[in-house]
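Asker: Listed here are the chains, written in short residue letters.
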Amino acid sequence: MQLTGAQALIKSLEMERTEVIFGLPGGAILPAYDPILDSPIRHVLVRHEQGAGHMAEGYAHVTGRPGVAMVTSGPAATNLVTPLCNAYMDSVPMVAITGQVSRSVIGSDSFQEADTVGITRSVTKHNELLMSPEEIPLAVRQAFLLATTGRPGPVLLDIPKDVLQAKMEWYWPTDGEVSDSMPGYRPTTKGHPRQVREAARLITASKRPVIYAGGGILKAHAADALRKLAELINVPVVTTLMARGAFPDSHRQCLGMPGMHGNYTAVTSMQEADLLIALGTRFDDRVTGNTSGFAPHAKIIHVDIDPAELSKIRQADVPIVGDCRLVIEELVRVLIEGGEPQPDRSAWWAQIADWQARFPLHYDPQADGEGLKPQAVIEALRDSSPPGTILVAGVGQHQMWASQYWRFEEPYTWVNSGGLGTMGFAVPAAVGAKVGRPDRTVWAIDGDGCFQMTAQELVTAAAERIPVKIAILNNAYLGMVRQWQELFYEERYSEVYLSPDLPDYVKWSEAMGCAAFRVESPEDVQPVIDKANSIDDRPVVIDFRTDWLEKVFPMVPAGHSNSDIIVHPAQRSGGEKVVQ
Amino acid sequence: MALATSSTGWVSGSGHVRHQTLSIIVENRAGVLARVSALFARRGFNIISLAVAPTDDEAFSRITIVIDLEETSVEQVTKQLFKLVNVVKITELAPGEAIERELALISVRCAPPGGPGPSRGEVADLVRIFGGTVVDVGQEALTVMVAGQPSLLDDFEELLRPYEIIDMQRTGRVALPKLERQAPGRRRAGASGLLRPVAH
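As given, the protein sequences belong to chains V and S, one line each in that order. Position 567 of the first sequence, counting from 1, maps to 567 under this note's numbering, and the rest follow consecutively. In this note's numbering, each residue's number is its place in the second sequence (first place is 1) plus 1000.
Just chain V, same shape as in the assembly:
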């Protein structure tokens, strides 16, 4: 069967069971947009290519399947760089297709030409420039395999226009052919048995262990295995920003989020632990604080599918390369077969209970003349949302409050930009998440600064009937930057004021086809949320006017040890250290 490269591309995507492409056409990718008309694959037409990338990420976060973004060459490809980098940092499976100028003019600075493969080399797991139509089916199979196996990540295929137009004889490569075509790609999935036994031995010998669960738990579909392990050994669990939902917040062993804005107990238990069981996590600086002061008494068991993460930041006593689910299941088996009882850890649990009682998350209620408390808005949203609601966040104060005050009960219900910290992530990621899980309510909690970066994708949502819900915590500032200027730059506020009503978020959202509301007083919070939850035929935006002075606590100042955690001012009477 003779097909054009473009037909082969779309057919290959169909063969990989692609449900949806997020994209925007243009010159070089034009040939690929014709066969889309005849394909069952849904295409979501974005308003900016960055949106296509983040939508693909949101889709991947909630479905576990690779998100697909397709855009043209040059500026479209460069607009995709941010989401590629975001997906690379957060190990999100994604396949990006970019058009390229025709083979004969590559390198001549022709119209809309960019060295896409060169530009995206360091922000993709792999990328390829395809120089003949015969390469397309194999390259697509490779891309999906690479994106979803080992440590997941984004893969980009750059396809010249004339390669899309040229004819090829259709074929579909076998698993063996795909494997043989990548002799250097053999991810290790099964943990080394001796190392797993050594991990079991360390666990059984520990008095103050903490399970440090990262996003790799979700990537490896290891949430059930994690729960089995945690309950078997009765050890507290912290869930990093990327792992919220991997272990239920309501579980008595869950300590919540550690790190720079983690809660006191999660942070301090890691500092005082004699063993960290690090599962699918990479000792990110936002978790560890100053690494030389991080968990100084702890031995480290570190499980990760990416060998390069083991001992990259913190030397592991027991490094285990492997798939988190397989390794945890094996560890559980070894622990049960060994039959050794876990030591008495009642003193450790008592210590943890004491911290939890003394230093819960805290905010002062709204006083007269103040804006809404953002934490209270999130709690109201949380308590009004049906079970299984997917929460999406941008980057900044609102993201930290969302992670702190939401209650995550199941995996794949939290979508955010962790590693790269991409402002503007929330709106397009929420659209992608809703496309992936139309059966779920999708709420995005966004900041006013973030919202202005990518709000135009609400036009996409309205046009495509993707009813996402956006709560803007509008404090009229780039809030996190303002917080740092208040605390560390003597309240010298430099270029952080945004204005609460320029733009008018309600009018703007309505102009984009959304239902939109403004909430200024606390008694309106609940009724407006109820109203937003009742609307299901178009996107909804609520402009919550929040207290501009509210700060995220606890906080570990950048570069400090986690032992220097700053709690809320109202809690600063205990014996904890306070650094100003």
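It cannot be assumed that every hint is accurate.
[Stated by the list, open to error] Here are the simulated SDA-like pairs of lysine to any residue, each with C-alpha atoms no more than 20 Å apart in a straight line: (1) Lys-312(V) - Thr-1072(S); (2) Lys-1083(S) - Pro-187(V); (3) Lys-1083(S) - Asn-1046(S); (4) Lys-1089(S) - Arg-186(V).
No lab work stands behind these hints, which were simulated from the structure alone. Being a predicted model, the structure only gives us computed values, none of them experimental.
Put chain S on the given structure of chain V with help from the hints.
Answerer: Relative to the frame of chain V, chain S by itself:
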């Protein structure tokens, strides 16, 4: 093709810093060298030299990289390199376990017959002592070639300094593991003597 780069400069002499050689088998395709060198730049890894050429199997090339161990962790380099899809195999070659060679082409000023200054013969004698050859002769200069262990080249370069070096190109080292000397029955357990892959 062979090429060499230096981040520490030749003056320090690659033989004098604490170093480790990595022999990397990669797929022989467009852009692979760019991926490898971009990774070094992106991660801030310090390399002393890099040489690349096809292997006996045309599907693969061998990249020989010498890493400055003062600045860079060989473990991280190896692990990060191995994340590249086109990297097939990496072998660490400790200095004592590898046959390492490097080639230098050096143009040296010398006097025309009867002129003042060092004569062609004087330079040619030195070249002979180092097992090199004169590969080009001009009116007032010679180009010589010397191949050997990198430390030998450092010595040769030092001894040529009193003469005027007009131009010099070193290739960066290439290396293969040492072969097994012991008869099969007398080998130490675990010492294969052949490639010791650290990742494959």
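Asker: Taking the hints in turn, state whether each one holds.
Answerer: The hints, checked one at a time:
A distance of roughly 12 Å separates the Cα atoms of Lys-312(V) and Thr-1072(S); the hinted pair therefore holds under the 20 Å criterion. For a cut-off of 20 Å, the pair hint linking Lys-1083(S) to Pro-187(V) stands: about 9 Å separates their Cα positions. Taking the CA atoms of Lys-1083(S) and Asn-1046(S), the gap is near 18 Å; set against the 20 Å cutoff, the hint holds. As the CA atoms of Lys-1089(S) and Arg-186(V) are separated by approximately 11 Å, the hinted pair is consistent with the 20 Å bound.
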